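Visitor: Sequence:
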Amino acid sequence: MSGKKFKIITVLTMLPVVLWPFLFTRVEHFESATEKFLLLAMPVFAIAAGYFAQSSYKERPEIAWVVVIVAWLTYFAFLGLVFL
Numbered sequence: 008m009s010g011k012k013f014k015i016i017t018v019l020t021m022l023p024v025v026l027w028p029f030l031f032t033r034v035e036h037f038e039s040a041t042e043k044f045l046l047l048a049m050p051v052f053a054i055a056a057g058y059f060a061q062s063s064y065k066e067r068p069e070i071a072w073v074v075v076i077v078a079w080l081t082y083f084a085f086l087g088l089v090f091l
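Numbers given in the working numbering equal positions in the sequence shown, counted from 1, plus 7.
Source of the hints: derived by calculation from the structure; they are not laboratory data. Note that the coordinates shown come from a computational prediction; the quantities given were computed from them, not determined experimentally. A couple of the hints might just be wrong.
Claimed, not checked - Derived EDC-like pairs: lysine to aspartate or glutamate, alpha-carbon spacing no greater than 20 Å straight-line:
no.	residue 1	residue 2
1	Lys-11	Glu-66
2	Lys-14	Glu-69
3	Lys-14	Glu-66
4	Lys-12	Glu-66
5	Lys-12	Glu-69
6	Lys-11	Glu-69
Stated by the list, open to error - Pair by pair, the computed Cβ-Cβ distance ranges are:
no.	residue 1	residue 2	range
7	Glu-69	Glu-42	28 to 34 Å
8	Gly-10	Phe-31	29 to 35 Å
9	Val-18	Leu-47	18 to 24 Å
From the three backbone atoms N, C-alpha and C, an ideal C-beta is built for every residue, glycine too.
Model the full structure from these sequences, guided by the hints.
Guide: Right, here's the structure in full:
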């Protein structure tokens, strides 16, 4: 895969930051400090995952793909935490 296509995937990986304000309004049931910290750290994690994936793609593309997959699995887990 070319670097340009992976850059598009990286941007898509960082896109859930746009949903963060919506998720922030849906968490009335968060009681523990850990849950609140995860909510506040989600945008930082999304941007860091995209940056690390993009910067490691040239030398180690398999590590970049692992970072992207872990980011998406984390997003799905976070959605389960918010909506379940």
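Visitor: Going straight from one Cα to the other, do Lys-11 and Glu-66 come out at no more than 20 Å?
Guide: 15 Å, holds
Visitor: For the hint 29 to 35 Å, verify it against the beta carbon of Gly-10 and that of Phe-31.
Guide: Hint holds: Cβ distance 34 Å, inside 29 to 35 Å.
Visitor: Tell me if the straight-line CA distance from Lys-11 to Glu-69 falls inside 20 Å.
Guide: Distance ~16 Å between Lys-11 and Glu-69 Cα, so the pair holds.
Visitor: Hinted pair, alpha-carbon criterion (20 Å max): Lys-12, Glu-69. Please report holds or violated.
Guide: 15 Å, holds
Visitor: Is 28 to 34 Å respected by the C-beta to C-beta distance linking Glu-69 and Glu-42?
Guide: 33 Å, holds
Visitor: Quick one, are Lys-12 and Glu-66 close enough, alpha carbons at most 20 Å?
Guide: 16 Å, holds
Visitor: Is the straight-line distance between the alpha-carbon of Lys-14 and that of Glu-69 20 Å or less?
Guide: At roughly 15 Å apart (the allowed maximum being 20 Å), Glu-69 and Lys-14 satisfy the hint.
Visitor: Keeping to a limit of 20 Å between CA atoms, is the pair of Lys-14 and Glu-66 held or broken?
Guide: Within the cut-off at roughly 15 Å; holds.
Visitor: Given the hint of 18 to 24 Å, check if Val-18 and Leu-47 actually sit that far apart at their C-beta atoms.
Guide: 23 Å, holds
Of the numbered hints listed earlier, not one is contradicted by the structure.
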